[in-house]
Amino acid sequence: MSGKYRFVAALIFPILCLAGLVLWNVWITTQGQKLTLPIRGFDPRDLLAGHYLAYRIEYGFESLCTGSRNENDKKTYICFAPKKILDARPHSSECQKYLKGVCKNGRFQTGLNRFYIPQKHARKLEQAVVNKRGEVILSLDGMGGAKITDLLIDGLSWKDWVAFKD
Amino acid sequence: MAKITRRLNKWCKEGLIDEQQVIAIENFEAGQPSWLLRGLLGLAVTSIGIGVIALIASHWEKIPDVIMLGFMFVILAIIALGAWAMKMRNNSTGVELFIFAFLIACLAAIGLISQTFNLSGRLDDALLFWGLIVAPITVMAQFRLVPALWSWVMLVVGLLIPIVEWMDQSGWLDQRTAIGLVGIFPIATAIGLVALNKLRHFDNFEWAFRAITVFSWFSAIVIFDISLSWEAANPTNKNELSSASLMVSFGTLLSLFVFALAWFWEIFPRARLILIGVQLGIYLCFLALACLTNGVPYLGSVFVILLFGFCAADMARAGRRGAAQFLLVMIGIRMLTFYIDAFGGLAITAVGLICVGVLILLTTLVWYRKRHNVMSWLEGVPK
Numbered sequence: 001m002s003g004k005y006r007f008v009a010a011l012i013f014p015i016l017c018l019a020g021l022v023l024w025n026v027w028i029t030t031q032g033q034k035l036t037l038p039i040r041g042f043d044p045r046d047l048l049a050g051h052y053l054a055y056r057i058e059y060g061f062e063s064l065c066t067g068s069r070n071e072n073d074k075k076t077y078i079c080f081a082p083k084k085i086l087d088a089r090p091h092s093s094e095c096q097k098y099l100k101g102v103c104k105n106g107r108f109q110t111g112l113n114r115f116y117i118p119q120k121h122a123r124k125l126e127q128a129v130v131n132k133r134g135e136v137i138l139s140l141d142g143m144g145g146a147k148i149t150d151l152l153i154d155g156l157s158w159k160d161w162v163a164f165k166d
Numbered sequence: 001m002a003k004i005t006r007r008l009n010k011w012c013k014e015g016l017i018d019e020q021q022v023i024a025i026e027n028f029e030a031g032q033p034s035w036l037l038r039g040l041l042g043l044a045v046t047s048i049g050i051g052v053i054a055l056i057a058s059h060w061e062k063i064p065d066v067i068m069l070g071f072m073f074v075i076l077a078i079i080a081l082g083a084w085a086m087k088m089r090n091n092s093t094g095v096e097l098f099i100f101a102f103l104i105a106c107l108a109a110i111g112l113i114s115q116t117f118n119l120s121g122r123l124d125d126a127l128l129f130w131g132l133i134v135a136p137i138t139v140m141a142q143f144r145l146v147p148a149l150w151s152w153v154m155l156v157v158g159l160l161i162p163i164v165e166w167m168d169q170s171g172w173l174d175q176r177t178a179i180g181l182v183g184i185f186p187i188a189t190a191i192g193l194v195a196l197n198k199l200r201h202f203d204n205f206e207w208a209f210r211a212i213t214v215f216s217w218f219s220a221i222v223i224f225d226i227s228l229s230w231e232a233a234n235p236t237n238k239n240e241l242s243s244a245s246l247m248v249s250f251g252t253l254l255s256l257f258v259f260a261l262a263w264f265w266e267i268f269p270r271a272r273l274i275l276i277g278v279q280l281g282i283y284l285c286f287l288a289l290a291c292l293t294n295g296v297p298y299l300g301s302v303f304v305i306l307l308f309g310f311c312a313a314d315m316a317r318a319g320r321r322g323a324a325q326f327l328l329v330m331i332g333i334r335m336l337t338f339y340i341d342a343f344g345g346l347a348i349t350a351v352g353l354i355c356v357g358v359l360i361l362l363t364t365l366v367w368y369r370k371r372h373n374v375m376s377w378l379e380g381v382p383k
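Protein chains in written order, with our numbering: chain A, 1 to 166; chain B, 1 to 383.
Please keep in mind that the hints were generated in silico from the structure rather than gathered at the bench.
Wrong hints could be hidden among the right ones.
[What the hints assert, rightly or not] Residues of chain B clear of chain A, computed beta-carbon distances all greater than 10 Å:
hint, residue
1, I4
2, L69
3, Q115
4, S120
5, L160
6, G171
7, I226
8, T293
9, D314
10, G319
[As the list claims (entries may be wrong)] Pairs of lysine to aspartate or glutamate, EDC-like flavour, derived with a Cα cap of 16 Å:
hint, chain 1, residue 1, chain 2, residue 2
11, A, K104, B, D168
12, A, K159, B, D65
13, A, K124, A, D154
14, A, K124, A, D166
15, B, K198, B, E266
16, A, K104, B, E165
17, A, K165, A, E126
18, A, K34, A, D150
19, A, K104, A, E94
The beta-carbon is built from N, C-alpha and C at its ideal position, and this holds for glycine as well.
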């Protein structure tokens with residue numbers, strides 16, 4: 001490959017990678033199974049991507065990440081229908097709505113802990129989440145991963161809720 | 001440019017060169033790419049890039065996701081086309097600026113994608129992903145800035161942060177192992193430096209690795225010195241010593257590995273390699289003492305003087321007089337701080353400072369008179 005073609009390939013490569021990242025996220029967001037869960041949280045800031053709401057999802061499993069499950073950052077799967085906690089990836093016949101995470105310091109960590117919001121609405125949304133009025137909609141990819149697709153306050157999408165409040 | 005013109009005029013007055021030569025040199029230097037121009041343009045691109053990132057981070061509520069992401073890809077494509085156009089015109093400064101802008105735009109794009117899809121990754125994960133996808137275009141850069149920034153960022157997010165996190169999770173991270181890690185870092189970067197030197201096609205990356213190796217080597221020496229000379233009495237239990245011993249052993253193995261690589265690949269002439277080997281040996285002893293002891297008064301200054309002395313001789317032999325002289329000044333400064341550390345009382349310090357001042361004055365005078373002989377001897381030693 002000549003130098004010019006290599007140069008073009010080197011410029012196109014990152015664009016293709018970023019496009020792949022976008023398509024992968026679009027696929028999970030649109031095709032995944034939806035699940036709505038309550039949250040609790042606070043409001044920090046990310047230098048790269050702006051203002052976001054950080055929260056903890058209430059998965060609704062009382063014995064999650066307790067006892068022996070909480071040792072050595074153990075990989076754990078939670079099945080939402082039927083509700084159970086598993087140590088290994090479930091078969092499709094066993095469970096179709098499941099989420100993969102790691103038990104660490106007594107918490108089930110999935111990386112699903114932030115939702116980006118405009119700075120001017122941060123205070124209102126933060127207050128609503130602190131008052132336990134918030135929920136998130138998860139889109140499960142069927143392989144244990146998930147994406148957050150929307151933030152609900154009092155059952156309304158946050159944009160509608162903010163518009164209603166204003 | 002003004003500095004070189006002053007020097008040229010001075011040399012012309014002294015009859016060393018004639019006026020035609022002065023004009024020829026000035027014309028040649030005027031045609032060289034200006035680092036000031038490149039620096040200012042780079043600053044402008046950085047400022048615009050950070051502005052775009054901040055804009056995306058703060059003001060996106062009313063723009064639909066599809067338009068925002070589409071706009072991002074259009075910007076990326078425009079910058080890539082700009083780089084391509086500059087490449088076609090053989091405008092190396094233009095290519096470099098567009099590559100730099102492209103790198104910043106890719107980072108901004110990752111931020112925007114994270115925001116759009118609420119991805120929860122950390123900043124260092126985002127930087128690692130960014131580093132991997134822009135690696136091919138970074139290799140194509142012709143000047144030092146882009147490869148250097150890329151290398152330094154990747155060393156931190158791809159090597160240093162994962163190691164520190166791993167040590168922290170394993171319960172290994174304490175004051176002694178942290179000193180060990182600081183000491184091992186320049187040895188690890190030296191492996192990259194030797195490998196890049198062998199490959200020969202990555203001069204800019206080699207410069208970046210040399211810069212970080214030298215900087216981290218200096219930093220490590222300062223930290224060893226502080227740790228040895230000023231560390232408070234700190235009883236050590238066996239567990240702390242065992243992890244610190246492992247760090248020292250690992251550092252020694254890495255040093256042997258890098259030295260063997262340099263020896264078999266003949267990176268430097270054998271005589272210089274032996275001199276570097278001696279410095280490496282002293283450095284490892286210094287590392288071991290700093291990691292494993294509770295502070296040995298005045299030993300730090302002995303090691304600093306030894307290391308900088310050998311390094312100054314090495315620099316002089318390599319024809320780098322400026323670096324050699326800088327190291328000699330550093331030795332002088334360390335001797336002065338050693339004196340203040342050794343004799344704390346005000347009256348004794350005052351007398352001591354006068355004595356040290358006289359000593360430095362005499363040493364400087366002797367050095368000034370004999371410097372040509374010493375430097376000629378060092379530079380003339382068979383290499």
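Going through the hints against the structure:
For I4(B), the requirement that its beta carbon stay farther than 10 Å from each beta carbon of chain A is met, with the minimum near 34 Å. For L69(B), the shortest C-beta to C-beta distance to chain A comes to about 6 Å, within the 10 Å cut-off, and the non-interface label is violated. Some Cβ of chain A comes within 10 Å of the Cβ of Q115(B); the nearest lies about 4 Å off, and the non-interface call is violated. With 10 Å as the threshold on Cβ separation, the claim that S120(B) sits away from chain A is violated: the shortest Cβ distance comes to roughly 4 Å.
Listed as a non-interface residue, L160(B) keeps its Cβ farther than 10 Å from every Cβ of chain A; the least gap is roughly 19 Å. No Cβ of chain A comes within 10 Å of the Cβ of G171(B); the nearest lies about 12 Å off, and the non-interface call holds. With a minimum CB-CB distance of about 31 Å to chain A, I226(B) clears the 10 Å threshold, and the non-interface call stands. Against the 10 Å criterion, T293(B) stays outside the reach of chain A, whose nearest CB is about 34 Å from its own CB.
The beta carbon of D314(B) is kept farther than 10 Å from every beta carbon of chain A, the shortest such distance being approximately 37 Å. Listed as outside the interface, G319(B) is consistent with that label: its C-beta sits roughly 34 Å from the nearest C-beta of chain A, beyond the 10 Å cut-off. Distance check on the hinted pair: K104(A) and D168(B) sit about 14 Å apart at the alpha-carbon level, within 16 Å; holds. Distance check on the hinted pair: K159(A) and D65(B) sit about 14 Å apart at the alpha-carbon level, within 16 Å; holds.
Taken as a hint, the K124(A) and D154(A) pair is honoured in the structure, with Cα atoms around 13 Å apart against an allowance of 16 Å. A hinted pair counts as satisfied when its Cα atoms are at most 16 Å apart, and K124(A) with D166(A) qualifies at roughly 11 Å. Taken as a hint, the K198(B) and E266(B) pair is honoured in the structure, with Cα atoms around 9 Å apart against an allowance of 16 Å. With a CA separation close to 14 Å, the supplied pair K104(A) and E165(B) stays within the 16 Å bound.
Distance check on the hinted pair: K165(A) and E126(A) sit about 14 Å apart at the alpha-carbon level, within 16 Å; holds. A C-alpha spacing of about 10 Å is found between K34(A) and D150(A), which places the hinted pair at or below 16 Å, so the restraint holds. Simply put, K104(A) and E94(A) have alpha-carbon atoms about 26 Å apart, too far for the 16 Å limit, and the pair is violated.
Hints 2, 3, 4, 19, counting from the list given before, are not met by this structure.
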